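Take the given structure of chain H and dock chain U to it, following the hints.
Protein chains: 2
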Amino acid sequence: MLIEKWGIFEQSFHGKSDGNPFTDYEIHGTFTHEKESLTVDGFYDGEGIYRIRFMPSYEGEYHYQVSGTFSEEIYTGAFTAGAPSGNNHGPVHVYGQYQLAYADGTPHYSLGTTCYTFDLQKESVVEETFAELEKGYFNKMRFCIMPKHYDFCLHDPAAFPFEGTPVDTSALTRDNFSQYNGNPPGNDWDFTRFNPVFFQIHDRAVQRLMELGIEADLILFHAYDRWGFSQMPMKDNLRYIRYMTARYGAYRNVWWALANEYELLGNLSSEDWEQMAAVLTASDPYGHLRSIHNCETFYDYSKPWITHCSCQRCDHYKTTETTSELRKLYGKPVVWDEVGYEGDFPHCWGNFTAEELTRRAWEALIRGGYCGHGETFLSSDNIIWWCHGGRLKGECAPRFRFMMEFLKDVPGHGLKEGNVRDDLHFQWDDKVAVPEEDSYEGEYYFLYFSIWRPPFRQIYVDDDTWYDAEIIDTWNMTVTPAGRHKGKYELKLPGTQYIGIRLKKCKD
Amino acid sequence: MLIEKWGIFEQSFHGKSDGNPFTDYEIHGTFTHEKESLTVDGFYDGEGIYRIRFMPSYEGEYHYQVSGTFSEEIYTGAFTAGAPSGNNHGPVHVYGQYQLAYADGTPHYSLGTTCYTFDLQKESVVEETFAELEKGYFNKMRFCIMPKHYDFCLHDPAAFPFEGTPVDTSALTRDNFSQYNGNPPGNDWDFTRFNPVFFQIHDRAVQRLMELGIEADLILFHAYDRWGFSQMPMKDNLRYIRYMTARYGAYRNVWWALANEYELLGNLSSEDWEQMAAVLTASDPYGHLRSIHNCETFYDYSKPWITHCSCQRCDHYKTTETTSELRKLYGKPVVWDEVGYEGDFPHCWGNFTAEELTRRAWEALIRGGYCGHGETFLSSDNIIWWCHGGRLKGECAPRFRFMMEFLKDVPGHGLKEGNVRDDLHFQWDDKVAVPEEDSYEGEYYFLYFSIWRPPFRQIYVDDDTWYDAEIIDTWNMTVTPAGRHKGKYELKLPGTQYIGIRLKKCKD
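Residue numbers (our numbering), protein chains in the order written: chain H, 51 to 558; chain U, 51 to 558.
Extracted from the complex, chain H is given alone in its bound form (with noise of 0.2 angstroms):
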């Protein structure tokens, strides 16, 4: 069996399949490595398979023992890890208070983007979703476990999680949808038994997007229903995340995302929410990302099980601009995972520009953050990228990838925002993004001018260290040499919008 460090080892086992396999038997596996000893639950996963998936962080090899009440037997064995191969760079942590990086110490810059139930989608939607991320444009995708039940968003997913009756949408429709939200009359579940082969889908659009490199953040719970999984007593809702920890913890590009729009589930209560945080935790060995989204109400990110900020705009015009702020507030990185989606929606959240957009992600990349996209462009055939994923069609999407590469050439693991020097080196009103990690200080400058259009700017450092100067255009996506200079100087600029002046101090 060939394994890689921050690969997958997975092994299928045979068990009990009389009761209720999913309630009355127990996997466990314990995996030995001269550097670590980890336990970690397994799962049953149908017509008598249980599984264990574990997550090798080390070279080399890994003694295990699997057991538990699902079997007899005490299954051993042995494997050993090798190199990571290809993009490989292990899960993404918390680098520094204000970064991410993976475990290898590769800088990871989020430009994610969301497509809610695209894996739900039938196949040769899921394969056109599949072949737009391949093009390089995001490097998360944050989608729901759950179906979703929204505007556009109204048939039946391609399999439930629970086994059951669905309510019945025959009378269904664009007018009628919000009658449906909740938990309807209709809707038959035994939450108690969970459907394998809704989360097989699962399993692969994970495994598959591992392989493109892209980031899978998990939204556990979110609102947008007509089942009734919005709405599952307490100890149903924590028999799901110690599944999931046990299914999908093993997956290197895994992020929690406890909730999408928090507030919006009415029956859960703050104590609920840090209940369940603290089971998630518990059941990760790994400790993925973890964060819970807002609707309104930016959530306490301040609590210790948060890794980071997973922020809506609750402003609907000033959004990203207040990153340097939320950095401070919180002392974590902040992901901004919707603020606007690029398209012509009826929703005000989707018909945003694809200016305005990409001007948003631009305020926060300077500032520290880091900004999604999202795409919400109506469609003959109703699928749209927001929920069904499918063709992208607006343009957004290559200026994130412009982004990323922005970003991967900027010294260190990201930026700041720098402060705009009293002696007016750069104007009052310039904002100028500096290297995140002090040791590169004097290195690197970058001044972004949003909507303003100045026709030229003057320029000053110091009087002796060289820079040479690039105008970046974000919009147009363009990287102009500007010439190789010290002291002051005054550069010339397009004059349009959405422009940046990029310093780079002089190799000797």
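Rather than coming from a laboratory, the hints here were simulated on the basis of the structure. It cannot be assumed that every hint is accurate.
Given that identical chains are not distinguished, each listed pair holds provided it fits within a single copy or across any two copies.
[Unchecked claim] Quick list of in silico lysine to aspartate or glutamate cross-link-like pairs, DMTMM-like style, CA-CA up to 20 angstroms:
(1) LYS285 - ASP74
(2) LYS85 - GLU467
(3) LYS458 - GLU493
(4) LYS555 - GLU346
(5) LYS382 - GLU487
(6) LYS536 - ASP225
(7) LYS542 - ASP225
(8) LYS542 - ASP394
Because the structure is a prediction, the values reported are computed rather than measured.
The following block gives chain U in isolation, referenced to the frame of chain H:
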């Protein structure tokens, strides 16, 4: 002598010219009508001439008596104030709590512009400015009494406010202008001796604006100075304020702006400003509108002497969208006198697109506030509207005139932000403007979509009331009828930015 109500009665008198007539002598007049009796100060206008100006607030016979130390004589006389004619609606005052109206009750929607020193330019430029103003784009002009020294605004004014000698500017350039800031050596002024020629220039400007129906928002102090006028001793400041009220109080179109960017006058304390405000208030018997304009921090607009907020944006991104909060905080009309300038200036406040400045103006308007215009296009002749007036080069001005036409169609005295109803009669994310006065409730709605581009919008006010719907394109300045409706219906929209929907209740 033909005088009309809210017109100007002016009489000149020969008097003593020995010593310093500006400080050694005074002149005042008492004007008596059956409904009012007002004593006003006159002023010395040079060459032995003293003047009294008076604005009658009633029609009918006035008797006056003019006396003072300027002369041994006591002058008496009478005149009859006739009915106001033409565009004479009287001075503008606060109407209700948040709106403005002329003395005859006509609503005043403040849509101003700023040309800081337009009347101190050469005659051909002044004529160009008035030619633009005659097009009816604006109904207020903000400008400075004192000349201005600033980037792109460096030549000497047509005259100086005091007797004396200005700093030598033969070596002044754009690159070194900030070295002249304040009161550099070479200035030699007698602050006790006003220069009548200088104020006669302002007299003509205020008069011509009045004839065009344009309010004159007179800025008394500002920091952009190379002559020391921003650093006069307090006793000189107070004398100057009294001279201003004596000279300009009788013009019905005068508003007092105690300062532009008050914080930048670093030598003046809060107590100083309050003392100057007290003198301004006490010496203006007509109670013209009074405010004080900020740079980065609002003055405390709750001070009793302040009639309305005169705001500059404190945040680069979010400005007029906070109008409702400011109305609530200060309980007064909100006028945004600087939120940015359409243009291609190097300074970030001066290179807004026309679309963005227009949008900011509408964001104020739909919340029951008002936003002024400004323009800063670089020009080979160095004549820039913001400072010098001249010719308008941008695209905003006609859009402000369109706003005025829009506002004249609102029932009552203006708009305020409406409540988006819980029952989703309008969408939760819509911004709805309704008439300020409750007596017009239900008669008029205006939904404004700002940067967003909904392709259609569902509308529902109630089941029974018929409304005429119109699609308003605030950028292209079009009003397109969209049918007569009641109950629930859907309106198709152009899918572009800066669109609104106006609903007017049908008259039976």
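Any hints this thing doesn't respect? Which numbers, in order? Failing hints, ascending: 2, 4.
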